[in-house]
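Protein chains in written order, with UniProt numbering: chain A, 1 to 279; chain B, 1 to 282.
Derived by calculation from the structure, the hints in this document are not laboratory data.
Heads up, a few of these hints could be off.
Stated by the list, open to error - Capping the alpha-carbon separation at 16 angstroms, the derived lysine to aspartate or glutamate pairs in EDC-like fashion look like this:
no.	chain 1	residue 1	chain 2	residue 2
1	A	K75	A	E33
2	A	K206	A	D141
3	A	K75	B	E175
4	A	K129	B	E178
5	A	K178	A	D24
6	B	K234	B	D70
7	A	K75	B	E178
8	A	K178	A	D53
9	A	K178	A	D94
10	A	K129	A	E119
11	A	K75	A	E184
12	A	K75	B	E172
Source: prediction; values computed, not measured.
Here's the letter readout for the chains.
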Amino acid sequence: MSHSPDIQTGALAPASVAAAVSGDPLVRIAALEKIYPTRDRGNVHALSDIHLDVSQGEFLTIVGPSGCGKSTLLKILAGILAKTSGRVQIAGADLDGPNRDLGVVFQAPVLLPWKSVIENVLVPARVQKLDMAPARRRARDLLDLVGLSGFEDRYPGELSGGMQQRVGICRALIHQPKFLLMDEPFGALDAMTREQMNLELLRIWKEQDATILLVTHSIPEAVFLADRVVVMSPRPGRIAEVMQVDLPRPRNLEMFNTGRFGQHVAAIRRHFNSTGGID
Amino acid sequence: MTQIDTSDAIPASQPAGTAKGVARHWSESRALSPILLIALILLWEGLIRWFEVPKIVVPAPSAVFVALWDGIVSGLFWPHFLVTLWEIVAGFGIGSVIGILLGILIGLSPLMERLIYPYVVAFQTLPKVAIAPIIVIWFGYGLSSKIIITATIAFFPLLANTIVGLRSAPREQIEMLEACTANRWQIFRMIRLPQALPFIFVGLDVAVVLSVIGAIVGEFVGARAGLGYLILQKNFSFDMAGVFAILIILSMIGVGLHMLVVAVQRRVLFWSEATANSVTGA
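Isolated chain A (complex conformation):
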């Protein structure tokens, strides 16, 4: 078992060493705090003393029970929620508010029903006034990558949930962000589609050379995708543990049945049993 309680110095598994050799981390989160003032019950300490570094090219997943602050953390990183104190840096620059270096995939696909699939993918490009001709080419490439070529001119209402979420992923990648944030992106999908989307996401991650932080409710999903799993616990929301996943890459669905996979899942689950369980 490769528990690494010291998150700053956590040794990296061989598969991701190549991406992590260059000095500073891509994302550095230090002493991050979030306190929600509420009218009746005093303050809610949503995030307490969060320290986390993410290396270039790393796939990080966050698991934790409801109310552990994992979605709050993601919203702060996405810049749509203000932090109370602490510091977030991306590629050495302070992150405060929305940032072009980020791409976000939400729980629901959040597509605009009046725009065609390709226009939905191009929304960040239009907002950021990118050069449209290359953006359009890239949108077609991304849709091709997720198996949606031929659907460019369809409308979201004509697509299944899984297809819509694929469009959402393409949209998050269109402006070539340095860092991809994903907030329970497959939570609404059925188990079969979810497994397929996991495989697809790993393929996209590899092909786009992306750095991903993904929040999930599912411990197996967290283990399957990640280089490191961040385990969070509630009241106040904090990082309980960061676990190195030393399963080989590329990963495949058979790995769900291996002993090593089971050991990782069991280790995380034990953690939740001691803190009151997940959900």
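Dock chain B against the given chain A, drawing on the hints supplied.
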């Protein structure tokens, strides 16, 4: 709210029941409605003849159709029709544009809402019929007074629906755009305004029917031409069949404009579920 507003405006064209229920019984209601109309007309004709009702009280349908035919063929209705149609369309257009613009101003700025909205509501509570004589005195017996009266009636449904529509944008959509570094103007243009369109079309549909009332009220108060003016003339000469014939023309104008709005709505709001529901009544 979309369906409720539509059915409020045009009760006759919107069968009661849920949208799904309407869809299921669509073919039946389509066939039933004209049959019912014909039956009622025949009953009306029969009762008039049977009881020998004087034609200055209630005209027989046959007399109404003759009056309608004569009025159209002789060219008597035509100039009045054009005057009233222009008053309706111009008043509707001006009122709608002002309503939408003011709605955007109030919908996007809480300050403007506190500043302006109470007065707008106070103005709306004034019966427009009551201020129509003042407007006629200020702007004369010509077209402009009628257009202004129509505009004051048409503007409020658009104002109210624009305000509500601009605020109907889902939080997630706005957060998604914010996360892509969108500014307020981009959020307005790319999300708030498109999300407001279904509401604005409900407002247009309500306003277009109210506009017919506005133009006629204006003509009743004081005019030299128009279908409302013609109704008064026919009334004075006890030409009941003529009055009924003009009423038919007026309802044709109302239904025609309503169908025009719905046709545009269908094209613009192809993506909206509300559209799919509300057009069945057309």
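Verification of the supplied hints:
1. In summary, the hint linking K75(A) to E33(A) is supported, as the alpha carbons are separated by about 13 angstroms, within the 16 angstroms threshold.
2. Only pairs whose Cα atoms come within 16 angstroms are accepted, and K206(A) paired with D141(A) is accepted, the gap being roughly 15 angstroms.
3. The straight-line distance between the Cα atoms of K75(A) and E175(B) is roughly 9 angstroms, inside the 16 angstroms bound, and the hint therefore holds.
4. Between K129(A) and E178(B), the direct Cα distance comes to roughly 14 angstroms. Compliance with the 16 angstroms bound is thereby established for this hinted pair.
5. Restraint check: the Cα-Cα separation between K178(A) and D24(A) comes to about 14 angstroms, which is no more than 16 angstroms; the hinted pair holds.
6. Restraint check for K234(B) and D70(B): satisfied, since their Cα atoms lie roughly 14 angstroms apart, inside the 16 angstroms limit.
7. About 11 angstroms separates the Cα atoms of K75(A) and E178(B), which keeps this hinted pair within 16 angstroms; it holds.
8. Distance check on the hinted pair: K178(A) and D53(A) sit about 14 angstroms apart at the alpha-carbon level, within 16 angstroms; holds.
9. Simply put, K178(A) and D94(A) have alpha-carbon atoms about 14 angstroms apart, close enough for the 16 angstroms limit, and the pair holds.
10. A C-alpha spacing of about 14 angstroms is found between K129(A) and E119(A), which places the hinted pair at or below 16 angstroms, so the restraint holds.
11. A distance of roughly 12 angstroms separates the Cα atoms of K75(A) and E184(A); the hinted pair therefore holds under the 16 angstroms criterion.
12. The suggested pairing of K75(A) with E172(B) holds, with an alpha-carbon distance near 12 angstroms, which does not exceed 16 angstroms.
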